[in-house]
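Enquirer: Below, each chain spelled out in residue letters.
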Amino acid sequence: MRFSNTKDLGTRIESAKAARQKVKRRLLVCAGTGCIANGSLEIADALQKELDARGVKLNVELSLKKTGCHGFCEHGPLVTFHPEEIFYQRVNAKDAAEIVEKTVLKGEVIDRLLYTDPTTKQKVTKYFDIPFYAKQQRVVLANCGQIDPAAIDDYFAVGGYSALKKVLEEKNPEGVISAVEEAGLRGRGGGGFTTGKKWRICRGQTSDKKYLICNGDEGDPGAFMDRSIMEGDPHAVLEGMMIGAYAIGANEGVIYVRHEYPLAVKHLEKAIADARACGILGENILGSNFSFDVSISRGGGAFVCGEETALLNSVMGETGEPRPRPPYPAVEGLWGKPTIINNVETLANVPTIINKGAKWFNGLGFKNSHGTKVFSLVGKVRNTGLVEVPMGATLRDIIFGIGGGILNDRPFKAVQTGGPSGGCIPASALDLPIDYETLTENGSMMGSGGMIVMDDRTCMVDVAKYFIKFLMGESCGKCVPCREGLRQMSYILENITEGKGKPEDIERIRELSVGILNGSLCALGQTAVNPVLSTLKYFENEYHAHIKDHKCPGGVCKPLITYGITDKCTGCTVCARACPVNCISGEKKKLHLIDQKKCTKCGACFSSCRFDAIEVK
Amino acid sequence: MDHANTIKDIIAKYPVQRGVIIQILQDVHGRYNYLPKEALDEVAKQLSLPVAKVYSIATFYKAFSLKERGKIIIKVCKGTACHIRGAELICNELENILGVKAGGTTPDMKYTVEEVNCVGTCAMAPVIVIDDKYHGSMKPEKVRKLVTK
Ligand SMILES: Cc1cc2nc3c(=O)[nH]c(=O)nc-3n(C[C@H](O)[C@H](O)[C@H](O)COP(=O)(O)O)c2cc1C
Ligand code: SF4
Ligand code: SF4
Ligand code: FES
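The listed protein sequences correspond, in order, to chains C and Z.
Anchor point for the first sequence: position 105 equals 104 in numbering that gives the first Met the number 0, and the numbering is continuous, going up by one each time.
Anchor point for the second sequence: position 2 equals 1 in numbering that gives the first Met the number 0, and the numbering is continuous, going up by one each time.
Same shape as in the complex, but just chain Z (with noise of 0.2 Å):
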């Protein structure tokens, strides 16, 4: 992979101006997935800021991933909402059914199990997203028929 020309052609799309670093990075995740090491020196280099402060920005938030992720996103909504109406049981069951905890991937890459702070769907709780697509009211049952190993 050619992380200089591939980070070069994202911070391109943005101005060259001040505070610009967390959109360059949620762009840099995008396309890979997740932060390589590789990528975050590049993209300090390119902007001519200390790895250092890249590091800080890829650790403090919660959107970034600096371990490689599974080919599948399972996002499990953890907000109040979701929690109220049972979204602990919907995380034992992904536990139990994949073997991983919430951040975890699966040894075969295939799944990553993220918890997020709901996903602004609270009325159908409680919701998980795979891949991008959401799905409300889950059960323990219906997690069975959504994901198999």
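In isolation and in its complexed conformation, chain C is listed as follows (with noise of 0.2 Å):
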């Protein structure tokens, strides 16, 4: 099927929609990389053998599908059954035949696959019906779980290219910009630059070629959701870069993906196939005189690669390090010509700006940040996964209400937000509203949405060093300020969650944030010190307890820190058979004691104990 005008595609939707109302039921089983890891091809397959011994007809009244990531991996594998909407969790293969006569053949609800809300302790049958999903407003993540990224047939059948063909069919290059303007869409990859506006630059830049290329490198730790929309939805990034390459007068794109995503560079190398082979991505798409084609280029593993200059230098087969801006790559790009970089929920959003319209975009969203953001809540909330809200909602609607808490009840202490170049942010801000400018003002940022949540077993230093040793690796070493000042820091508050910490340390880190801050060219060197930052802002006290005490109040830092066993202890002896060096004695159903000096401070203990009998002091 080759279209060679918008009319054959606007055909083909109507009838791939038709298609899919015509399906009546639907089996979806996640294939996203966290349930594949939990066996979801296999419960795939083991479904589809049931179906067939049974003599179900698939794809005329029921299809069984495979679909991308629904961001809540922790419960994997997924599996729901449509229209009835019912939600399966922690699926085995050995539950297909059961799946297949009761629910499939009979419309019965399986109670033990259901999901049993934490906080009421009921068992909830429907997808939307669970806190997790009823309270986001999915617009990016909409079809993510829901079709099968390897079939563009399913897109069509949501409606995909049709922003493509409204654009083609109605709107100039200028009224794409202004509708993308016009909707206050800002960068989703760290900086939050106003889309439209980057766009018109490039736009004005007279030259014989340019290009558009889609970030995908997420580099920052913790984060997932452009591996989620690329493996999930991968048509929607294509449809977005199509749409900005129309805009800007690009006929070739780039989507630079990091290469700890083999499955997301899968589906899209999938995607561009078909895409090419529909007559959407190419020479003359759609009989118009576009030509756009896209290819992509594997990361090759460096943090400072997803800065978009490097990412330049990385595409151009050199090594990743920044360069100066100006020119930008608005102005001076890829191969010396004018460029635009953006980040892969950026470009997912545009098609929905093009179908629903800018002023509905705009309409969603809180002062300055309109739209949705994709968070990935992760850390020690109880449920982990993707979230989707409106620009301006909590940290505690999201924590709190969709996240459901803390992990095991335990205190709230902290969430970091923006990645290795933000911080964290304590709970008396937990009420305030998260949009761009916000999280800047409280000493963190928006960034690409990571959000790591943090309990009162987290060490507020130990987070310091840890993001600063990230960064230090990740320094790609141009600059001697952020080479060494980072080094330097991470030296300091080694010594810090060692115990060999002195009270003039925390002059010494103010002292040189100052040098690293200034003395940095690109953002990862400028933005380093926030996560110091902003946890002395918040915890210096944690600081002092390191300095001063030598005790880890978190109980993380292992030479500050003992394991004891409390007489919660009724002598399972599941702690004493988890030690590796065999430090734990004690008869069954007597109280367990540690030997002290043998022990290892491994933690194998603590985390093996159900009865919470073990202390960290």
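Source of the hints: derived by calculation from the structure; they are not laboratory data.
Do not rely on the hints blindly, as some may be mistaken.
[What the hints assert, rightly or not] If you only want the chain C side, here are some residues facing chain Z, beta carbon under 10 Å, derived: (1) Gly-248; (2) Ser-296; (3) Ala-301; (4) Ser-606.
[As the list claims (entries may be wrong)] Among chain C residues calculated to face chain Z with C-beta under 10 Å, some are: (5) Phe-223; (6) Arg-226; (7) Gly-378; (8) Gly-384; (9) Gly-418; (10) Asp-461; (11) Pro-579; (12) Asn-581; (13) Ser-607; (14) Arg-609.
[What the hints assert, rightly or not] Listed below are the simulated DSS-like cross-link pairs for lysine-lysine, each with C-alpha atoms no more than 25 Å apart in a straight line: (15) Z:Lys-132 with C:Lys-269; (16) Z:Lys-141 with C:Lys-597; (17) Z:Lys-61 with C:Lys-93; (18) Z:Lys-74 with C:Lys-557; (19) C:Lys-567 with Z:Lys-66; (20) C:Lys-125 with C:Lys-21; (21) Z:Lys-148 with C:Lys-597; (22) Z:Lys-74 with C:Lys-468; (23) Z:Lys-144 with C:Lys-265; (24) Z:Lys-132 with C:Lys-65; (25) Z:Lys-44 with Z:Lys-66; (26) C:Lys-597 with Z:Lys-61; (27) Z:Lys-61 with C:Lys-477.
In this text, all values refer to a predicted model and were calculated from it rather than measured experimentally.
Ideal Cβ positions, reconstructed from N, Cα and C, are used throughout, including at glycine.
The task is to assemble the complex, starting from two chains supplied on their own in separate frames and drawing on the hints.
Expert: See below:
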């Protein structure tokens, strides 16, 4: 099927929609990286066999699909049955027969596979009744988990490529830029720069060649929304790229994907090939005089390559070192030509803006932040996963409303947002609305949307040390303050966490921060001190506890802690068996004891005890 | 091993175009499980690039190893989500079992342990990836069941 004009495409979209409506029942198996890890492909095979064995006709009335990531990976593998929206979690291949027998054939619900709401302890049957989903507003993630990312027809069936059609039929490039500008879309990759404005700058350049690059490097460790979008809805990324390219006048595109995301690469490759075969990508798209094609560039595993100028160097086969701006890539980018670099989530928003209108998008959100934002809610929170909410939601809405509160009912201590360039926000700021500006004012930033929840068993000095070490390892080495300053900083923090810190260290950290901030070329160095400064701002007492009292209040820093067994011990012997150095003694059903001399503080006993009888001091 | 032909085949997959070197090295790495010196020399020769240039790229990017790696690759995620949920304990446990630190290979060339910054399944933290299979919610005890010397 090759469409030679937009009308043919429109007909196809309509027929795909109709076909989807005709399929009355759908059995969807999540096949994102997370669920595959837990065996979802085996489950899909088993379901297929069971259906075949019972002669259930597929495709006509029922379709079995492998979908992209729902973002609720912790409860995977996930299986949903539509239209009833029955939602099964932690499914096993052994459950396949029962699912087909009871749910598919008789419409019965299997209680055992339902999700239990941790707050109410009630079983929840329907997908959208689960608080995790009910409180979200999924725009960018709308198709993730609902369609087969490897089937272009599935994308058509949910109205895919109708934005491209509309643009080619009704809008000139200027019209597209105006719409994106009016919508108020800002970059989701970190900086929050207005997308329309950036496009306009690039459009204004006269050049024989322009490029559009999709930044899928997703370097923030702890964020995975870009992976889920590329894996679960690759055509939306392509469609966003096409519309962007049309607007700026680019005819070549590159998707830069981090090499840790093999499934994303696979799905994108398939999507590109299918779109090409349909005449949606390539020369004279849908018979218009707009030509655009896309290739994939796999990253080499360097965080700094997410920075746009480093990324350009990497795509050009160089080492990924940033260069000074200006010139900005929109003026002088890939191979010296005007280039737009946009984040995956930014681009995935574009088709929706065209379809639903700039006004609709602009109406969502808060102050100068419009639309929704996907957050990767992880760490010590009950429901971990991808959460999409309108800008302006509060941290409390997300962590306690959607996330269900803190794991094991422990007290909330802080939430880290913005990745390695961001900061830690304390409980006192939980009710602030989340938008670009508020987060920055509070010592953090939006970044790509990582949201790492920390409880009282997290050490804030350790967190600061973690990020500094991470950035030290990722500094490209070009600027001395970044390269050497971070090394010094890491050395000071290491000392503090080992109980060897001195009171004057705090002042030295502050002084060093100023040097690193001012002496670094790119944002990696310029923002590297945020994790340290924000923890110092809100949790200075923890630094003092390490330095003066040689104590780690979070119970994390090994040289400062000891493990002990309290009288909650039931003598179940689990810890003794878990201990790798056999230093726990005690008889069955009697209080156990740790030999402190032999203990390596590995923590295995702590994580194995089911009675909360191991304490850390 | 005939490096010249292997590398010729890999290069042939890519359009003659500037900037494909990293993609080519990715494939060479995939083919040999690391970047052998002879292969790098061969890449330089066939692409008419200075050997130093090929090395500067091979050493800059974390995806590349210049040392021969074990048969089984264990990646321990040290991303933030995993760190907060105890990735350190997982690393220590692997060190206990295999006797090698991150970046090391067991003397029998069976295992190589690598640290990576986030594999994108943070909701199941802490995560380890053994030969491309992901294992979530890891605990030291679970490591012992998965990995035996
Ligand atoms: C050290 C560093 C790492 C970055 N990593 C990423 C990344 O992984 N993904 C991303 O989209 N942007 C990243 N950025 C931001 C990009 O430089 C760029 O601003 C962004 O891709 C622009 O797209 P947007 O306007 O759509 O947000 C990073 C910036 C810095 C300084
Ligand atoms: S600030 Fe750091 S990462 Fe950025 S260019 Fe300088 S040395 Fe490289
Ligand atoms: S911390 Fe580790 S070494 Fe120490 S008692 Fe517990 S299990 Fe044994
Ligand atoms: S932080 Fe470990 S998978 Fe993301």
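Enquirer: Take the hints in turn and mark each one as holding or not.
Expert: Hint check:
A cut of 10 Å between beta carbons decides the hint on Gly-248 (chain C): the least distance to chain Z is about 22 Å, and the hint is violated. The restraint placing Ser-296 (chain C) at the interface with chain Z holds, with a minimum CB-CB distance near 7 Å, inside the 10 Å limit. Interface restraint check for Ala-301 (chain C): the shortest CB-CB distance to chain Z comes to about 6 Å, inside 10 Å, so the restraint holds. With 10 Å as the threshold, the beta carbon of Ser-606 (chain C) comes within range of chain Z, its nearest partner Cβ sitting at about 5 Å, so the hint holds.
Taking 10 Å as the C-beta cut-off, the interface hint given for Phe-223 (chain C) holds, the closest approach to chain Z being about 4 Å. Because the beta carbon of Arg-226 (chain C) sits about 4 Å from the nearest beta carbon in chain Z, less than 10 Å, this interface hint is met. Taking 10 Å as the C-beta cut-off, the interface hint given for Gly-378 (chain C) holds, the closest approach to chain Z being about 5 Å. Look at Gly-384 (chain C): its Cβ gets to within about 5 Å of chain Z, closer than 10 Å, so that hint holds up.
Because the smallest distance between the Cβ of Gly-418 (chain C) and any Cβ of chain Z comes to about 8 Å, under 10 Å, the interface hint for this residue holds. The beta carbon of Asp-461 (chain C) is positioned within 10 Å of a beta carbon in chain Z (closest approach about 9 Å), and the interface hint is therefore held. For Pro-579 (chain C), the interface hint holds, the least distance from its beta-carbon to any beta-carbon of chain Z being 5 Å, beneath 10 Å. For Asn-581 (chain C), the shortest C-beta to C-beta distance to chain Z is roughly 12 Å, which exceeds 10 Å, and the interface hint is violated.
Restraint check, Ser-607 (chain C) versus chain Z: the minimum CB separation of about 6 Å is within 10 Å; hint holds. With a least beta-carbon distance of about 12 Å to chain Z, the hint placing Arg-609 (chain C) at the interface is violated under the 10 Å criterion. As the CA atoms of Lys-132 (chain Z) and Lys-269 (chain C) are separated by approximately 22 Å, the hinted pair is consistent with the 25 Å bound. At roughly 22 Å between alpha-carbon atoms, Lys-141 (chain Z) and Lys-597 (chain C) fall within 25 Å of each other, so this suggested pair holds.
At roughly 40 Å between alpha-carbon atoms, Lys-61 (chain Z) and Lys-93 (chain C) are farther apart than 25 Å, so this suggested pair is violated. Of the pairs offered as hints, the one joining Lys-74 (chain Z) and Lys-557 (chain C) holds, with about 23 Å between alpha carbons and a cut-off of 25 Å not exceeded. Taking the CA atoms of Lys-567 (chain C) and Lys-66 (chain Z), the gap is near 49 Å; set against the 25 Å cutoff, the hint is violated. Of the supplied pair hints, the one linking Lys-125 (chain C) and Lys-21 (chain C) holds, its CA atoms being roughly 22 Å apart against a limit of 25 Å.
With a C-alpha separation of about 23 Å, the suggested pair Lys-148 (chain Z) and Lys-597 (chain C) falls inside the 25 Å cut-off, and the hint holds. Only pairs whose Cα atoms come within 25 Å are accepted, and Lys-74 (chain Z) paired with Lys-468 (chain C) is accepted, the gap being roughly 19 Å. Proposed proximity of Lys-144 (chain Z) and Lys-265 (chain C) is contradicted: the alpha carbons are some 31 Å apart, above 25 Å. A hinted pair counts as satisfied when its Cα atoms are at most 25 Å apart, and Lys-132 (chain Z) with Lys-65 (chain C) qualifies at roughly 18 Å.
Distance restraint check for Lys-44 (chain Z) and Lys-66 (chain Z): the Cα-Cα separation of roughly 21 Å lies within the 25 Å cut-off, and the hinted pair is therefore satisfied. About 36 Å separates the Cα atoms of Lys-597 (chain C) and Lys-61 (chain Z), which puts this hinted pair outside 25 Å; it is violated. At most 25 Å may separate the alpha-carbon atoms for a hinted pair to count; Lys-61 (chain Z) and Lys-477 (chain C) meet this at roughly 17 Å.
Hints 1, 12, 14, 17, 19, 23 and 26 from the earlier list are contradicted by this structure; the remaining hints agree with it.
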